[in-house]
Amino acid sequence: MQKLLKPLWRHRLMPLLVVAQVALACALACNALFLLQQKLRPILAPDGVGDPQRLLVITNVVPRGEPWSAARLAAVGQQLRNIAGVSAVSVAGSLPMVDNARMNGDMVGEGMRTRANTVMYIGSRLVDTLGLKLVAGRNFSAAEDAVRHREVGMEEGDPAIITRALAERLFPDGQALGRRIGYGRGDGQGTHVVVGVVEHLMRNDLDGDHSQDMDYAVLLPGIPGQWPIPVFGVRVAPTGDVERVRKALEVTIKQQLGSELVTGIPPRYELYATLRGRMLAAPRAAVWLLAGVSLVVLLVTLAGIMGLTGYWVQQRTRQIGIRRALGARRLDVLREIQLENLLVVGLGIALGMVLAYAVNLWLMSHYELQHLPLIYLPLGALLMVLLGQLAVWPPARRAAAVPPVVATRSL
Amino acid sequence: MSYTFELAWRGLRQHPRNSILAAITVAVGLAASMTTLTLLHVLSADPLPGRSQYLYLAFVDTVQARHQDYDSLNGVSMADYHMVKPDAAAALLAPGRASAQTALAGLRESVASDDGRRVVKDQDMLATTSSFAPMFGLALRQGRNWSAQEDRDHARVALIDTGLARQLFGEGDALDQLIRLKQTTFRVIGVVSRFAPSPHAYDLMSWSFDAQRHESVFVPYTAAMDADMEVSATGGCDEGGKPVQDLMGKRDLQHCPWLSTWVQLADARQVAGYRQYLKHLSEQWPRSQAFGTPAPPSLLRMDAWLAAQKVVPDNVRLNVWLAGAFLLLCLVNVAGLLTAKFLRRGREIGVRRALGARRRAVFLQHVLEASLVCVAGGVLALPLTLGGLWILRQQSDSFAELAQLDLPMFVGLFALALLVGMLVGLLPAWRAARVQPGLQVKSA
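Quick note, the sequences are listed as chains A and B, same order. Heads up: the first sequence begins at 1 in our numbering, then just goes up one per residue. Heads up: the second sequence begins at 1 in our numbering, then just goes up one per residue.
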């Protein structure tokens, strides 16, 4: 070990530069990859919606004057339901991937202590229209769905359906059905009984960090009253023709609500799959950007280490020649250079880990970011070690190829 | 000096691969930093340079209803824009407490010429008082601003901007012409130049960054109230009025908050005095016990208001830091490359020193060489920065259009390149200057 460290220490500028490079690259790459993973979450997470190619969403339905009453919206919903090829219609305040309104709050299970920031979806026939998968309990009954709320619909003590992830969080003992959940206001108002659990349902407010609560959602039945901009979800039957249904929807909405819409804002009729693609365009762009940044960081570090090590090796051509003349094999020379590199990169990684964590703490305090999970540190370390070894390979091979006769020349 | 320069230039050309790699690395680092910095610079720009440090948003809660605490229930876009009811606005507009005071609210209507022949749709307007123009720097091209008496008289007068004047009245004189807003006729008494501060700090609710929008009509808000104009505003209304969630419906102008009051305060003493006044108003305002305590009054300077409303997204600042860290990585990299290059020339340096060159001269030569590499990197960084800004403009953010490289940033790029060059060159040049001439010459 000593014979490795001594020469490194004697000419310590270059190895120290490599250490600094590796440390910085480590800190940067770790945090960039972490941010990347966060942005990737909503793209990869299941949103719970079944068969997105057969779900049409009508957005941008904006009234010119007063908001429509729940009864009026229910009538329009019925007209849409009557279109051939439609199997279910939902009149709702908000839907997943529709960001006109985001309703969220901190939910608490009755008698329990854990809180969860949850998104609320209020609408009729949500489970059927969205194609959600029930894993426990029951769907809302027709009577429950037929409720027309006077107010928004959160105050009254309705039944509720929650996602499995939320059930596990609020009721870790496993028994969610039949229990009550509420907004933690403590005044008894606005609690709901859990009557069913669905497998997945993504929240519709995707900005901010939601690595924990991406799948926390509550469904409430009925049509919200006094809702400024309602959303319609239309599930096309397996036998129906999506394009034809879409055209029929346009005609029906124009007939029913056309004269009361605000001028200049036409309603949008989109496939859920298209809508989802549009909403996830921003995280996708961020993913590309961060992936690009990480790649460039690694390439720059690679080039740097290669350059420096190459020079370092070239400076010691004579010493290597002497060692070869004294009987060292090519393999020994190669091994030694790789070991040196390992030492230097190892030190760089050790510093880089500390730096990565410090940077993450700073980012957390200034921006709403999460803790870097500790798994990133060994992963980052491994990556850097591999990178270092890769970088040192060409110069090391050149060094090993130095013939012993170099020692005899007084170069 | 020219000899040093010549040596530096020659040294640059000697190892082209190394120099090119170093220049590219510097270029990439600089481009990343400049792209993010430009965006931050554009977004954090002062909307009203020279005035904004004296303008404060005054708010006092006089709504006769239970103050809703929306913290635990992030409801349907109920951002608090610190708007006040007309009765509170009247109290805040009372002269004497501040250097100047105004109330304003954004509107969006179609404007028609009185004969109905020309209609310009969806114009942004501002309902305000006579003091808006001097306070915010609205520049009159023709005619005059309305007076405080006309405010009190609910006079139906308007100021329009040159663009709208041309659209409605062609090349003719717009003064004393009549325009129709909704059902009411207003008389044009003045023409102003285009007024579009960015960010739209005095009315963030309408928009914060939007290169396409600017107000083209200015009317007294008292007249706007009479004309029953539709305002968009948030916040709860008096109990018994319209329900709270009535976002798109017509606002009850008497019982709902819809005005933003801005005051001009010259120094810390005035600020403290006004703050005291707000506190007094809030405590003395008649309020039923059933409604509990009102929201606390506030007085925020324009920059504090912009920060509180998070006009510059956190994302933008975060990216600047990431880019800075990346630049640092590139610099360490380049420092390494340069050190390798300089030390390879150990023999030449040794000969030069043996012939009598001072350490300082060698140091200077190498710092200059490093600076040249980095300036070359800066030149390369320019197209990369423009490309990066182009990528940013493709995003659908509201401020995407603003991501342009302006002159200060352009100069900043080269200044940064030069600074970076000198910093990066310090360590390698110092190491090169420390080369022992004897040792180098011996091991020939």
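A couple of the hints might just be wrong.
What the hints assert, rightly or not - Some but not every residue of chain A turned toward chain B, in silico, with C-beta under 7 Å:
#1 L13
#2 Q21
#3 L24
#4 L28
#5 G240
#6 V242
#7 V300
If you're looking for bench data, these hints aren't it; they were derived computationally from the structure. The C-beta atom is built at its ideal place from N, Cα and C for all residues, glycine as well.
Hint check results:
no. : hint : result
1   : L13  : holds, 6 Å
2   : Q21  : holds, 5 Å
3   : L24  : holds, 4 Å
4   : L28  : holds, 5 Å
5   : G240 : violated, 32 Å
6   : V242 : violated, 26 Å
7   : V300 : holds, 6 Å
Going down the numbered hints, you'll see the structure goes against 5, 6, while the others check out.
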